[in-house]
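Trainee: Residue numbers (my numbering), protein chains in the order written: chain A, 1 to 315; chain B, 1 to 485; chain C, 1 to 219.
If you're looking for bench data, these hints aren't it; they were derived computationally from the structure.
Since the structure is predicted, the reported quantities are computational estimates derived from the model, not experimental observations.
Every residue, glycine too, gets a C-beta built ideally from N, C-alpha and C.
Don't take each hint at face value.
Stated by the list, open to error - Think about it this way: if two alpha-carbon atoms lie no more than 35 Å apart in a straight line, the pair counts; the simulated DSBU-like pairs of lysine-lysine are:
| no. | chain 1 | residue 1 | chain 2 | residue 2 |
| --- | --- | --- | --- | --- |
| 1 | A | 269 | A | 286 |
| 2 | C | 149 | A | 286 |
| 3 | C | 149 | B | 98 |
| 4 | A | 286 | A | 55 |
| 5 | B | 184 | B | 203 |
| 6 | B | 98 | B | 367 |
Stated by the list, open to error - Partner residues aside, some chain C positions facing chain B, computed with beta carbon under 7 Å:
| no. | residue |
| --- | --- |
| 7 | 157 |
| 8 | 168 |
| 9 | 172 |
| 10 | 182 |
| 11 | 186 |
| 12 | 200 |
| 13 | 201 |
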Amino acid sequence: MSAASLSAQFLDIVIALLLAPLLTGWVNQWRARLQNRSAPSLLQPYRLLHKLFHKESVLAEHASPLFRGAPYILLGCMTLACAIVPTLSTDLPLAPAADAIALVGLFALGRLFISLAAMDIGTAFGTLGARREMLVGFLAEPALLMVLFSVSQIAGSTSLTTIVERLADQGPAIYTSVMFAGVAFTLVALAENARIPVDNPATHLELTMIHEALILEYSGRHLALIEWAASLKLFAYSGIGLALFFPWGVSEGQSPFAVLYALPVLILKLAIGGFLLAVLETISAKLRIFRVPEFLATAFLLAVIGMLVNNLQGH
Amino acid sequence: MEALHAVLFIPLLGSLVLAWTGHRDFARDLNVGFSLATFIAACVLTAEVISQGPVFGWHREFFIDPLNVFLVTLTAFVGLTTAIFSRPYMRIEQDHGKMTPRRLRLYHSMYQLFNCTMLIALTTNNIGIMWVAMEAATLATVLLVSVYRTAASLEAAWKYFILCGVGIAQALFGIILLYMAAEKVIEVGGDDALLWTNLEAVKDRLDPNIITLAFAFLFIGYGTKIGLAPMHNWLPDAHAEGPTPVSAVLSGLLLNIALYAVLRFKVLTDGALESPLAGNLMMGFGLFSVVLAAFFLSRQRDIKRMFAYSSIEHMGLITFAFGMGGPLATFAGLLHMTVHSLIKSAIFFTVGHAAQTAGTQLMEEIKGLIKVSPTIGWGMMLGALAIVGMPPFGVFASEFLILTTAMREQPWATPLLLLALGVAFAAVFSRVQSMVFGDATIRPLAHPPALLPVFIHIGLGLLLGLYIPPYLDGWYRQAAGMVGG
Amino acid sequence: MSGLSIQLIDFLAALLLMLSFAMISQRRILSLIHLFTLQGITLVATTAIVAHATGQEHLYLSAGLTFALKVILIPLLLHRIIDRLNVRWDVETLINIPTLMIIGIVLVIVAFDLALPIAKLSTSIARGTLGIALACVLLSLMMMITRSKAVPQVIGFLSLENGLFFAATASTNGMPMVVELGIALDVLVGVLILGVFMFHIREQFESLDIRHLERLKED
Numbered sequence: 001m002s003a004a005s006l007s008a009q010f011l012d013i014v015i016a017l018l019l020a021p022l023l024t025g026w027v028n029q030w031r032a033r034l035q036n037r038s039a040p041s042l043l044q045p046y047r048l049l050h051k052l053f054h055k056e057s058v059l060a061e062h063a064s065p066l067f068r069g070a071p072y073i074l075l076g077c078m079t080l081a082c083a084i085v086p087t088l089s090t091d092l093p094l095a096p097a098a099d100a101i102a103l104v105g106l107f108a109l110g111r112l113f114i115s116l117a118a119m120d121i122g123t124a125f126g127t128l129g130a131r132r133e134m135l136v137g138f139l140a141e142p143a144l145l146m147v148l149f150s151v152s153q154i155a156g157s158t159s160l161t162t163i164v165e166r167l168a169d170q171g172p173a174i175y176t177s178v179m180f181a182g183v184a185f186t187l188v189a190l191a192e193n194a195r196i197p198v199d200n201p202a203t204h205l206e207l208t209m210i211h212e213a214l215i216l217e218y219s220g221r222h223l224a225l226i227e228w229a230a231s232l233k234l235f236a237y238s239g240i241g242l243a244l245f246f247p248w249g250v251s252e253g254q255s256p257f258a259v260l261y262a263l264p265v266l267i268l269k270l271a272i273g274g275f276l277l278a279v280l281e282t283i284s285a286k287l288r289i290f291r292v293p294e295f296l297a298t299a300f301l302l303a304v305i306g307m308l309v310n311n312l313q314g315h
Numbered sequence: 001m002e003a004l005h006a007v008l009f010i011p012l013l014g015s016l017v018l019a020w021t022g023h024r025d026f027a028r029d030l031n032v033g034f035s036l037a038t039f040i041a042a043c044v045l046t047a048e049v050i051s052q053g054p055v056f057g058w059h060r061e062f063f064i065d066p067l068n069v070f071l072v073t074l075t076a077f078v079g080l081t082t083a084i085f086s087r088p089y090m091r092i093e094q095d096h097g098k099m100t101p102r103r104l105r106l107y108h109s110m111y112q113l114f115n116c117t118m119l120i121a122l123t124t125n126n127i128g129i130m131w132v133a134m135e136a137a138t139l140a141t142v143l144l145v146s147v148y149r150t151a152a153s154l155e156a157a158w159k160y161f162i163l164c165g166v167g168i169a170q171a172l173f174g175i176i177l178l179y180m181a182a183e184k185v186i187e188v189g190g191d192d193a194l195l196w197t198n199l200e201a202v203k204d205r206l207d208p209n210i211i212t213l214a215f216a217f218l219f220i221g222y223g224t225k226i227g228l229a230p231m232h233n234w235l236p237d238a239h240a241e242g243p244t245p246v247s248a249v250l251s252g253l254l255l256n257i258a259l260y261a262v263l264r265f266k267v268l269t270d271g272a273l274e275s276p277l278a279g280n281l282m283m284g285f286g287l288f289s290v291v292l293a294a295f296f297l298s299r300q301r302d303i304k305r306m307f308a309y310s311s312i313e314h315m316g317l318i319t320f321a322f323g324m325g326g327p328l329a330t331f332a333g334l335l336h337m338t339v340h341s342l343i344k345s346a347i348f349f350t351v352g353h354a355a356q357t358a359g360t361q362l363m364e365e366i367k368g369l370i371k372v373s374p375t376i377g378w379g380m381m382l383g384a385l386a387i388v389g390m391p392p393f394g395v396f397a398s399e400f401l402i403l404t405t406a407m408r409e410q411p412w413a414t415p416l417l418l419l420a421l422g423v424a425f426a427a428v429f430s431r432v433q434s435m436v437f438g439d440a441t442i443r444p445l446a447h448p449p450a451l452l453p454v455f456i457h458i459g460l461g462l463l464l465g466l467y468i469p470p471y472l473d474g475w476y477r478q479a480a481g482m483v484g485g
Numbered sequence: 001m002s003g004l005s006i007q008l009i010d011f012l013a014a015l016l017l018m019l020s021f022a023m024i025s026q027r028r029i030l031s032l033i034h035l036f037t038l039q040g041i042t043l044v045a046t047t048a049i050v051a052h053a054t055g056q057e058h059l060y061l062s063a064g065l066t067f068a069l070k071v072i073l074i075p076l077l078l079h080r081i082i083d084r085l086n087v088r089w090d091v092e093t094l095i096n097i098p099t100l101m102i103i104g105i106v107l108v109i110v111a112f113d114l115a116l117p118i119a120k121l122s123t124s125i126a127r128g129t130l131g132i133a134l135a136c137v138l139l140s141l142m143m144m145i146t147r148s149k150a151v152p153q154v155i156g157f158l159s160l161e162n163g164l165f166f167a168a169t170a171s172t173n174g175m176p177m178v179v180e181l182g183i184a185l186d187v188l189v190g191v192l193i194l195g196v197f198m199f200h201i202r203e204q205f206e207s208l209d210i211r212h213l214e215r216l217k218e219d
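Isolated chain A (complex conformation) (with noise of 0.2 Å):
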């Protein structure tokens, strides 16, 4: 474990947590643009965050150790996440646990806790919230883990470290199941960061909301840091898809300059998933809570075949 892994596992965590809000506010400008709309600042998300740090947190009367303790817990799996997800360098101290399905895990470990938080309050809103995440949560694991599965069978493995270095490697080539596992994650990150269309992060109309939902009972800097765990989650999700499917420009520690270079080619990476992401959100409808299923069935299903059609064509 070298100087210059630490300090790239480093500046991968504190880059993460610096540039996740950002990325939330591109997102959220670029969205605003393209209806139309004045446009917030880039930096509203840190605003947002600035405030809310500085307000009193309001507790339930009932409110037990779980719900106060939920906040941290979903902000340290993000980070964690963030953290073996490799979007700067393939050089890090923590790639031996940078495993696909762990990294499932961690989104699910941090699932797990908010929704319990949820429930806890006894707030109708928060149960109708926690059912709807598990519903979404419970379909989007399987094809999240199928999209990281054809994929590591192009690469051999599962680690996302290897699988980046592999691809990176290798020529640009036309890999039917990569393409395939592509378009399915979309529809799961989509779905995962409650975006368009099967929730609404800008919205608090009780018949569609989930996320919103979720987190209704918390206030001050309890919110504060689920805001920047959403982020950081938004974050996370665009460094996989960034590492499965465009993993060029990752540096892989050979020098410690390399991951310099690294960085502004993420941020150009980060910027054009963002405006992507803000015109997919545009020219989509919201879909219907029962319809939700039959989104995320078909990016399963996509991931799948592209899986079969791997095994079918050899390669």
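Based on these hints, arrange chains B and C on the given structure of chain A.
Mentor: Relative to the frame of chain A, chains B and C by itself:
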């Protein structure tokens, strides 16, 4: 050579001419005329093949051997007699207001086109063209079945089109697979790899994996067209709701042609595979069809549906016979094919007039046919006796041969076959008896029915039961040798 | 045969499979027609690539024919039919869609399993295409079974035929021209007849629901 061209072009020409003039009064006679010319050409062709052996035509795309020439003659013959039968039948339908001039034109044109496509399917050497012709025959019959444009006939035609369309699409997949296998063996590639004679020459070198899959698809596909259970759903509806001459040619001819296609592919499959897969499949589906059809048959109330189920039963029996293989069973199968064509179309002729006389197809409302019109009554009685396998008719001879071969080679199947034949016998006989005899409640027809074809068919069926002429016998043996190996 | 064209054909094959799945999960008739057109375009592309890669001139002709028939003529006909019959609305399937998709995956596995021994010894361009073509055929069959309306059934039939055509082009480098022409003619006439039937069925039943066609049943 010229005879072959004539066989194919006369019905095509007929179809075109009748597309212009099919609604005139003389169209009925013209229809008979074209069919007669086709039949004469087919006879000449048969004579040529008997004297000179197999003939090729048009860049080897057409090929006549003892197996298909016998079916060509049979097809042309039943085509002719059905045209004769449809003369008065269609006149009566016109009087009843069921046929308008436009429909009549469509009917006559499609009738000739249907004959043409059947003859192409029989004579072509190219399995791809055979498929195209079979599909075209399906399309022509879809139009024929729906010609009355009633709700029921549309339903029947829709079902027929969708089921057979899907079925025949499966067959196309089988053909593609076969082509794939052949391409590897036949170096020239292109068109040659689809010619049946070329395939036959290299059949032992075809890849068994591909052929297994190919035959499965071909059998399911053409099996739908034969009407084998459980793909038979379209058949009773199409028979019951279309005009009776169409029911007669469907049962008498089209099913045979689908079976002929299966036979051709069976020869290839047997050559390529060590295992008797093709035979087993055919026996299994055949037996299932016989049993299923016999039980459904006994529950029918509509006379045409009942005889449609009887067709499924007989087609199952023939498929079973061909599946057993061997010269004797194949001989019996070919004989049964001939006799069934003749007798079943004869029955539909009488059924058509009986239904016209009674104004309904429901059997409980048809009574005392023999009092109203002795020829219809006797025709139906004799036909029914022949089809259930009473001696001395031909069906008895072929069924007897099939059953004895089954007893020796597939003893497990014999009780099932006997049971099914028994059920069918009881059902058909009791129903026909109550229709033929009993008090007359119906009035005679305005136009004298043409029952000459009925008695010619039954007569031929009787003849084949008593005595098979030596040249016909030799012919069957040759064909049986080719198919049964 | 270059590596690129093999990759492209493999990709188009997978795309075709995807489109078949999309058809299964599609409720709107109009979108079904669009998907069918896309399938046609995929076919044209495949045929053109095979023609280019193997240098078989007649395949260009076949690609042109496919384009005229399946990208222009038949979709146009279908559009006219749904315009005249006014059947653009959503159509529910008989089985719910996620279940259909699971069944679809099973069908794909079956098809691939059947085709695998053949793919192993295949010498033609792309090895996986036969399995995919078979899967498309089975999926289209399922679509026909699970739809109760006339137009989706017909589109299912046509998409089945697309699967077959794909098998013919990609697995065998194209059927002989005579046969291809014959198949094209049959398909065209078939669609015309079905189109006419739809109007008659509508007249008779005042609906295009095939479930009305249940008078003829075994009693």
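Trainee: Against chain B, with CB atoms and a cut of 7 Å, does the hint on residue 157(C) hold up?
Mentor: 6 Å, holds
Trainee: Any CB of chain B closer than 7 Å to the CB of residue 168(C)?
Mentor: 5 Å, holds
Trainee: Check the hint pairing residue 184(B) with residue 203(B) against an upper bound of 35 Å on the C-alpha distance.
Mentor: Given pair residue 184(B), residue 203(B) holds - Cα atoms ~12 Å apart, limit 35 Å.
Trainee: Does residue 200(C) hold up as a contact with chain B if the rule is Cβ-Cβ below 7 Å?
Mentor: Holds, because the Cβ-Cβ distance from residue 200(C) to chain B comes to roughly 5 Å (cut-off 7 Å).
Trainee: Given residue 201(C) as an interface hint, is its Cβ closer than 7 Å to any Cβ of chain B?
Mentor: Holds - the Cβ of residue 201(C) comes within 7 Å of chain B, reaching about 6 Å at its closest.
Trainee: Given the hinted pair residue 98(B) and residue 367(B), is their alpha-carbon gap at most 35 Å?
Mentor: 23 Å, holds
Trainee: Per the CB criterion, is residue 182(C) less than 7 Å away from chain B?
Mentor: Status holds, d = 3 Å.
Trainee: Does the closest beta carbon of chain B sit nearer than 7 Å to the beta carbon of residue 186(C)?
Mentor: 4 Å, holds
Trainee: Grab the minimum C-beta distance from residue 172(C) to chain B and call the hint holds if it beats 7 Å, violated otherwise.
Mentor: 5 Å, holds
Trainee: So if I understand the rule, the pair passes when the alpha-carbon distance is 35 Å or less; does residue 286(A) with residue 55(A) pass?
Mentor: 33 Å, holds
Trainee: Is it true that the CA of residue 269(A) sits at most 35 Å from the CA of residue 286(A)?
Mentor: Between residue 269(A) and residue 286(A) the Cα gap is close to 26 Å, so the pair holds against 35 Å.
Trainee: For a C-alpha distance cap of 35 Å, please report whether residue 149(C) and residue 286(A) respect it.
Mentor: 27 Å, holds
Hint check: no violations occur; every hint is consistent with the structure.
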